[in-house]
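Participant: Sequences are here, hints too, so could you generate the full structure?
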Amino acid sequence: MKIRRVLYPVEFSTDTHAALGAAGGLARAYGAELVLAHALAFPYPYLDEMALGIDLDAYYRTMEEVASGRLEALAEQAGDGLRVVTTLLRGDPAGAILEAVESEKIDLVVMPTPGRTGFQRVRVGAVTETGVRRCNGA
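Residue numbers (our numbering): 5 to 142.
Hints may be right or wrong, so weigh each one.
Simulated DEER-style distance windows between Cβ atoms [unchecked claim]:
1. Gly-99 <-> Glu-69: 31 to 37 Å
2. Met-5 <-> Ser-107: 16 to 22 Å
3. Arg-8 <-> Leu-60: 16 to 22 Å
4. Leu-30 <-> Thr-66: 31 to 37 Å
5. His-21 <-> Glu-103: 38 to 44 Å
6. Arg-65 <-> Val-89: 19 to 25 Å
7. Arg-65 <-> Gly-29: 33 to 39 Å
8. Thr-18 <-> Leu-92: 32 to 38 Å
Since the hints were derived computationally from the structure, they do not count as laboratory data. Heads up, the beta-carbon is just placed ideally off N, CA and C, and yes, glycines get one too.
Facilitator: Following this line, the structure appears as structure tokens:
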């Protein structure tokens, strides 16, 4: 199997930065493109902006702008000589990542996990675990 595209989904924690080198190293080793992606989960699509007193469209646009800027900053950190593209995904992070694997023709996914146990594992590692369980590997 030829590895052409490596997906590195990020959520902008310290774990994101720690594993960026590993993701970039794998992409370099295979001569592959590194795809940095962030899933924007808009958690409350049913919110009534009148009741909240905020403009939800403006809020979501701001979230997109901030996430895009952070992705671009990570792309610069990935290093010279590496082809890097960024993309914003929308929806539940685990589902959005799995959809991106198919739609973006991803060959390898690198997902950092904090390595916690107990409740912290359930709370923090759920996206990684779901991705591993549901991803069709060859």
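Participant: All the hints need checking, so say for each whether the structure fits it.
Facilitator: A quick look at each hint next to the structure:
At roughly 23 Å, the beta-carbon separation of Gly-99 and Glu-69 lies outside the given 31 to 37 Å, and the hint is violated. Between Met-5 and Ser-107 the CB atoms are about 19 Å apart, so this pair conforms to the stated range of 16 to 22 Å. Take Arg-8 and Leu-60: their Cβ atoms lie about 38 Å apart, and the range 16 to 22 Å is violated. A C-beta distance of roughly 33 Å is found between Leu-30 and Thr-66, which places it inside the suggested range of 31 to 37 Å.
A hinted range of 38 to 44 Å is violated for the C-beta pair His-21 and Glu-103, which are about 25 Å apart. Taking 19 to 25 Å as the suggested C-beta distance range, the pair Arg-65 and Val-89 conforms, at roughly 22 Å. Range check, Arg-65 to Gly-29: about 35 Å between beta-carbon atoms, so the 33 to 39 Å window is met. Roughly 21 Å separates the CB atoms of Thr-18 and Leu-92, a value that falls outside the hinted 32 to 38 Å.
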